[in-house]
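**Q** Chain residues, written in single-letter form:
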Amino acid sequence: MFFDKNGFMQSVLTERRRKTIPIMAMPGVELIGAKPQDVFRDGDLQFRCIKALSEAVPVDAQVTFMDLSIEAEAFGSKIAFSEHENPDVIEVLLGDASAIQALQEPKVGAKRTGEALHCARLCAENLERPTFGGMIGPYSLAGRLADMTEMMLLTASEPDLAHELLSKTTAFLKEYARAIKSTGVAGILIAEPAAGLLSPEMCRQFSAKYMEEIVKAVRDDSFMVILHNCGRVEKQIDALLSTGADALHIGNAVDICNILPQVPEHVLVLGNLDPVNVLKTMTADQVYEKTLQLLEKTASYKNYVLSSGCDLPSAVPMKNIQAFLNALKTYNKEKDHDEL
Amino acid sequence: MTNFDALQTAVLKGNRNDVKDIVQQAIDNQEDINAILDQGMIPAMREIGDRFSRNEAYVPELLIAARAMQAGLTLLEPLIAASGRKTMGKVAVGTVKGDLHDIGKNLVAIMLKGAGYDVIDLGVNCDVGKFEEAVAQGANVLACSSLLTTTMPYMKEVVEHFKGRKVKIIIGGAPVTQDYADEIGADGYSEDANGAVKLVDKIFKEA
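In order, the protein sequences belong to chains A and B.
Going by this note's numbering, the first sequence opens with residue 39, and the numbers climb by one from there.
Going by this note's numbering, the second sequence opens with residue 37, and the numbers climb by one from there.
Careful: at least some of the hints might be erroneous.
To be verified - Listed below are the simulated EDC-like cross-link pairs for lysine to aspartate or glutamate, each with C-alpha atoms no more than 20 angstroms apart in a straight line:
id : chain 1 : residue 1 : chain 2 : residue 2
1  : B       : 49        : B       : 68
2  : A       : 273       : B       : 228
3  : B       : 238       : B       : 92
4  : A       : 318       : B       : 92
5  : B       : 56        : A       : 196
6  : A       : 73        : A       : 121
7  : B       : 234       : B       : 193
8  : A       : 273       : B       : 154
9  : A       : 247       : A       : 213
10 : A       : 328       : B       : 215
11 : A       : 273       : B       : 86
Said to hold, decoys possible - Some chain B residues well away from chain A (every beta-carbon gap over 12 angstroms; in silico):
id : residue
12 : 42
13 : 50
14 : 71
15 : 134
16 : 164
17 : 184
18 : 203
What the hints assert, rightly or not - Cβ pair distances, simulated, as ranges:
id : chain 1 : residue 1 : chain 2 : residue 2 : range
19 : B       : 110       : A       : 118       : 30 to 36 angstroms
20 : B       : 172       : A       : 96        : 25 to 31 angstroms
21 : B       : 196       : A       : 357       : 28 to 34 angstroms
Just so you know, the hints here were simulated from the structure itself, not pulled from any lab data.
Since this is a predicted model, take the numbers as computed values, not measurements.
Cβ coordinates follow ideal geometry from the N, Cα and C atoms, glycine included.
Construct all of the structure, not just a fragment, from the sequences and the given hints.
**A** Quick look at the structure:
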């Protein structure tokens with residue numbers, strides 16, 4: 039299905055009605071009564087979760103599962119599956135410089151990348167709403183392979199070796215992004231949380247530069263690229279914009295009103311209701327109020343799209359998700375009323 | 037006479053070789069060990085921690101500064117043991133049971149060590165038994181980390197396990213808040229590694 043990216047983005051900018059693209063696939067696991075450890079291994083089950091969500095909640099676009107272990111597993115990392123959480127990398131694959139130098143890029147489709155692609159294809163073929171695929175960013179993947187603390191040390195003290203590893207993660211992710219695009223989904227959300235721990239200059243050199251290569255490989259009029267970073271990004275916005283992404287998805291570590299003035303109007307900004315301390319743990323009434331507050335304080339920015347600050351964890355009550363959407367409905371009704 | 041400004045700069049810049057050279061020279065000159073630590077390396081680590089809190093320094097800079105300090109500490113350790121210098125206190129740091137994330141825990145351990153504390157790094161996936169072992173080794177403060185909402189509740193088990201004992205429990209991690217710390221009865225919460233050092237300072241000062 040052709041996705042009219044420019045039309046979609048234009049509608050965000052021109053319609054008074056605010057759109058929402060929350061990052062949430064996990065509530066779908068509960069909707070179909072499946073177990074996370076089964077869902078994360080099975081593209082068909084993943085699709086069923088997202089389909090069930092699409093029937094239950096009126097959002098403007100959906101995102102497939104944010105499983106940031108898939109790509110590391112394809113490279114050879116050992117993964118642990120959990121009863122309640124996303125899978126996680128449990129062993130360091132690259133213990134020294136020689137392991138980095140010897141690292142081979144896997145084929146796209148290896149391990150569970152094939153399942154994620156299968157889910158993306160089913161979403162593109164069967165769901166009416168736009169669906170975005172998901173993958174990890176090059177720096178975060180390098181951190182998963184070499185150990186995050188070690189990758190940070192390499193970045194500061196052995197930059198050539200860090201760049202060598204980043205070239206390899208980027209080469210694989212470029213191909214993986216192309217494969218996600220070929221499934222027919224509307225775009226991709228690339229999660230690069232580890233870059234949020236870097237200085238602005240390091241973020242540019244060790245993440246944004248590589249991200250830009252990936253964006254260039256896939257972005258066009260029918261394929262939208264959203265860059266997710268949930269760190270303290272107030273000083274990194276220039277670096278994030280240099281990637282050429284269509285949209286920035288901002289985490290809840292920052293006040294989004296410190297970000298929006300830094301972003302030109304042609305780039306969308308999504309965010310950033312706290313998925314844990316608001317959406318999961320507050321009452322439905324509190325979620326409703328917090329969502330309305332976020333909508334009110336961002337009201338003057340045309341390029342803003344309501345979202346969660348990150349992927350929703352397990353056990354977020356459905357009544358809280360409904361409260362989030364009810365707040366948006368109320369807000370949009372008031373906007374329509376103002377227009378009349 | 038040791039140039040403590042140069043030692044501080046070397047730590048701040050994460051220059052391991054310079055730290056080693058200056059510390060070795062100081063040892064050769066029979067410089068007071070307390071001065072090397074208290075006028076050179078520890079203030080530098082506290083300074084980088086404060087810069088981190090102000091969003092003026094970032095995780096890689098913290099890590100290389102800590103590694104540089106460790107290079108100096110390695111040279112000093114036999115002398116510290118022989119001098120009978122008292123540590124500022126013993127703190128055990130661990131990511132709680134079920135959780136395998138370690139960068140936050142590592143940062144807290146590094147910053148505490150840099151501030152002069154004796155740190156027991158318990159690693160990840162720590163049950164109460166592991167924390168209990170740390171207490172047996174003399175830890176007065178247990179710092180529990182968690183990145184996952186599903187592992188956060190284990191912090192409550194740790195707090196309840198040590199209830200009524202002299203040991204203090206502090207908590208942190210991405211989903212953790214001061215409200216949660218209050219709710220489970222933890223002795224403190226910090227949102228970042230430098231804040232954890234200040235919290236531990238406060239606990240030992242009040243002890």
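**Q** Next step is simple, just say for each hint if it's right about the structure.
**A** Hint-by-hint comparison with the structure:
1. 49/B / 68/B: violated, 24 angstroms
2. 273/A / 228/B: Holds, because 18 angstroms separates the two Cα atoms, which is no more than 20 angstroms.
3. 238/B / 92/B: Given pair residue 238/B, residue 92/B is violated - Cα atoms ~24 angstroms apart, limit 20 angstroms.
4. 318/A / 92/B: violated, 32 angstroms
5. 56/B / 196/A: Since the Cα atoms of residue 56/B and residue 196/A sit roughly 19 angstroms apart, the hinted pair holds (cutoff 20 angstroms).
6. 73/A / 121/A: holds, 7 angstroms
7. 234/B / 193/B: Given that 20 angstroms is the threshold and the Cα spacing comes to 25 angstroms, the pair is violated.
8. 273/A / 154/B: violated, 34 angstroms
9. 247/A / 213/A: Judged against 20 angstroms, a Cα distance of about 17 angstroms means the pair holds.
10. 328/A / 215/B: holds, 17 angstroms
11. 273/A / 86/B: holds, 17 angstroms
12. 42: Label holds. Min Cβ-Cβ 20 angstroms, cutoff 12 angstroms.
13. 50: violated, 6 angstroms
14. 71: holds, 28 angstroms
15. 134: At roughly 8 angstroms from the nearest Cβ of chain A, residue 134/B sits no farther out than 12 angstroms, so the non-interface label is violated.
16. 164: holds, 20 angstroms
17. 184: Violated: least Cβ distance 6 angstroms, not greater than 12 angstroms.
18. 203: Check passes; 27 angstroms lies beyond 12 angstroms.
19. 110/B / 118/A: 30 to 36 angstroms: holds, 34 angstroms
20. 172/B / 96/A: 25 to 31 angstroms: Given a distance of about 56 angstroms, which is not inside 25 to 31 angstroms, the answer is violated.
21. 196/B / 357/A: 28 to 34 angstroms: Holds, at about 30 angstroms.
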